[in-house]
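Engineer: In case you want the letters, here they are:
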Amino acid sequence: MTRTKGTYAGSPRTGRPAEDGEEALRRATAVAAEHAADVDRGARFPEEAVAALRAHGLVAAAAPVHLGGQGAGVRALTRIAERLARGCGSTAMIWAMHQIQLACLLQHHPDAPLLKRAVAEQWLIASVTSEVGVGGDLRRSSAGVSHGERANTYTLRKQGTTVSYGAQAQGYLLTARRDTDADGGNQVAVLAARDQVTLTRTGDWDTLGMRGTCSPPFDLDVTFDGDQILPVPFGDIAARTMVPLSHLLWAAVWVGLAGEAVRRAVDVSRRRGRGGTVPDNPALSLAHARLTGIRAQLDAAVAASEPVLDGSAEPTMALGVELNALKVAVSDTAIEIARLSLDVCGMAGFTEQGPHSVARILRDLHSAPLMISNRRLLAANSQMLLTLRGDR
Amino acid sequence: MHEQIRAIMSELSKLSSFALTIHDDDDLWDAGMDSLTSVQLLLRLEEHFEVEIPEDALTRDTFRTIKAMSDVLLAQLETKGSPAS
Numbered sequence: 000m001t002r003t004k005g006t007y008a009g010s011p012r013t014g015r016p017a018e019d020g021e022e023a024l025r026r027a028t029a030v031a032a033e034h035a036a037d038v039d040r041g042a043r044f045p046e047e048a049v050a051a052l053r054a055h056g057l058v059a060a061a062a063p064v065h066l067g068g069q070g071a072g073v074r075a076l077t078r079i080a081e082r083l084a085r086g087c088g089s090t091a092m093i094w095a096m097h098q099i100q101l102a103c104l105l106q107h108h109p110d111a112p113l114l115k116r117a118v119a120e121q122w123l124i125a126s127v128t129s130e131v132g133v134g135g136d137l138r139r140s141s142a143g144v145s146h147g148e149r150a151n152t153y154t155l156r157k158q159g160t161t162v163s164y165g166a167q168a169q170g171y172l173l174t175a176r177r178d179t180d181a182d183g184g185n186q187v188a189v190l191a192a193r194d195q196v197t198l199t200r201t202g203d204w205d206t207l208g209m210r211g212t213c214s215p216p217f218d219l220d221v222t223f224d225g226d227q228i229l230p231v232p233f234g235d236i237a238a239r240t241m242v243p244l245s246h247l248l249w250a251a252v253w254v255g256l257a258g259e260a261v262r263r264a265v266d267v268s269r270r271r272g273r274g275g276t277v278p279d280n281p282a283l284s285l286a287h288a289r290l291t292g293i294r295a296q297l298d299a300a301v302a303a304s305e306p307v308l309d310g311s312a313e314p315t316m317a318l319g320v321e322l323n324a325l326k327v328a329v330s331d332t333a334i335e336i337a338r339l340s341l342d343v344c345g346m347a348g349f350t351e352q353g354p355h356s357v358a359r360i361l362r363d364l365h366s367a368p369l370m371i372s373n374r375r376l377l378a379a380n381s382q383m384l385l386t387l388r389g390d391r
Numbered sequence: 000m001h002e003q004i005r006a007i008m009s010e011l012s013k014l015s016s017f018a019l020t021i022h023d024d025d026d027l028w029d030a031g032m033d034s035l036t037s038v039q040l041l042l043r044l045e046e047h048f049e050v051e052i053p054e055d056a057l058t059r060d061t062f063r064t065i066k067a068m069s070d071v072l073l074a075q076l077e078t079k080g081s082p083a084s
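Just so you know, the protein sequences line up as chains A and B, in that order.
The first sequence begins at 0 in numbering that gives the first Met the number 0 and counts up one residue at a time.
The second sequence begins at 0 in numbering that gives the first Met the number 0 and counts up one residue at a time.
Hints are computed from structural coordinates only; laboratory data are not their basis.
Some hints could be false.
On the chain A side, residues computed to face chain B include the following (Cβ under 8 Å) [claimed, not checked]:
{"no.": "1", "residue": "Arg138"}
{"no.": "2", "residue": "Ala238"}
{"no.": "3", "residue": "Met316"}
{"no.": "4", "residue": "Gln382"}
{"no.": "5", "residue": "Leu385"}
{"no.": "6", "residue": "Leu387"}
{"no.": "7", "residue": "Arg388"}
According to the in silico footprint, chain B covers these stretches of chain A (three or more CB under 8 Å from chain B) [as the list claims (entries may be wrong)]:
{"no.": "8", "segment": "225-237"}
{"no.": "9", "segment": "302-315"}
Every residue gets a Cβ at the ideal spot worked out from N, C-alpha and C, and that includes glycine.
Sequences and hints are given; from them, build the entire structure.
Structural biologist: So, in structure tokens, the structure goes:
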């Protein structure tokens, strides 16, 4: 087995951010909420919210304290993602995606020369896993690493189809074939700094939702040193850290968005109740019941994943099945919850304006079934279920 | 045991090109194994050797090399009390 035991703060199983972190999170979420509508309307990067996250040290949340981070374990990270999503889905998703890249680096290449700088300067690290010609398969690459002109330098040219905050990132975690002749599944991951990357935007990002993530396609031309290649095969990084953490943190964002929709529906109902109307719309209690269900499923998946994320257990096929099921269930159910909330809020929910709008939330959530398509995950689970033992 | 595993691997399209030539300790994931192929391989191995590999052994490392698969299968055969051929 090849593994580099890292310093990703997956082990402190704290349920919540530190007490002094509560106020920081509240403030950052408030800034995100204040600008969420404008970010969404303009499909622009949430620079105010990211600046607030940086000011409160939350960009480096997953990094251990001795490196300048906050030492947040997976449970605390899911809580932060959920809270941020209540303010702005795009901000929360950007933050979550960055934490996933950061955790991969901390766990699998803790001695990366760029890592200390990335944490200290609170870089945003973008994921460049998607690629033209691989059909959305995380575990296949088309582009391969080549030797550069100088000794121990390498080059990589990759056509990324969806590179979230690609233009705003300070670092990039790219996947590629180990060399140009390697099998498409024989992948490495490379951490590159912004000044090592020539970035060419090849399309637009004008989408139904998650508009602030600014995720257009880019061509990337990268030159880097050998020690920027993570020493662990990407397949292991994906299985041990990237895939589990992606499913958990994405799910937390969607739970947060759904929770905000329900909160708005409750608020509308409370006002109507004060006006003398009996708040008996069953859609509200149904939305709440669904929300309780996906929260519990997320909590269970966090508990099951903690030993893998802190490196004390191997990822099993059973855990893979559970995480795929989490992703599919939360992504679909969160949309249902937002629809039910819209039914409660009525026109106040349908409009893009006002405190009871669920329009942006509903649009943002429609990205959820597409991020690693549910169809692909269901097909995988239909096969992997055959390997499960006992009563499932 | 290793030759039987190779023969079963050679029935799977993702593995057939190297099943008979790859070394016992070479990394199959690097060579082209993927998770769905590992599921198909598992089902065929279990049927062939008439064992059930426990859930906690269904990890990437079990399917990383022919030797690792052989070790896990042998352990199950010993537990079952019928030595491998």
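Engineer: How does the coverage statement for the segment 302-315 of chain A fare against chain B, requiring three or more residues with Cβ below 8 Å from a Cβ of that chain?
Structural biologist: Per the Cβ count (3), the hint holds.
Engineer: Quick one, is the Gln382 (chain A) hint okay against chain B at 8 Å, beta carbons?
Structural biologist: 5 Å, holds
Engineer: Under the criterion of a CB-CB separation shorter than 8 Å, is Met316 (chain A) in contact with chain B as hinted?
Structural biologist: With Cβ-Cβ at 4 Å, under 8 Å, it holds.
Engineer: Could you check if Leu387 (chain A) really has its C-beta closer than 8 Å to a C-beta on chain B?
Structural biologist: 7 Å, holds
Engineer: Should the interface hint for Ala238 (chain A) be scored as holding, given a Cβ-Cβ cut-off of 8 Å against chain B?
Structural biologist: 5 Å, holds
Engineer: So, as I understand it, the hint says Leu385 (chain A) touches chain B; can you test that by seeing if any CB pair is closer than 8 Å?
Structural biologist: Since chain B brings a Cβ to about 6 Å from Leu385 (chain A), closer than 8 Å, the hint holds.
Engineer: Verify the interface restraint on Arg138 (chain A): the C-beta must sit less than 8 Å from at least one C-beta of chain B.
Structural biologist: 6 Å, holds
Engineer: Report holds or violated for chain B covering the segment 225-237 of chain A, Cβ cut-off 8 Å, minimum 3 residues.
Structural biologist: Three-residue rule met by the segment 225-237 of chain A, so holds; n is 3.
Engineer: Given a cut of 8 Å on the nearest C-beta pair, is the interface hint for Arg388 (chain A) held or broken against chain B?
Structural biologist: For Arg388 (chain A), the interface hint holds, since the closest Cβ of chain B sits about 5 Å away, which is under 8 Å.
Violated hints are absent here; each numbered hint is respected by the structure.
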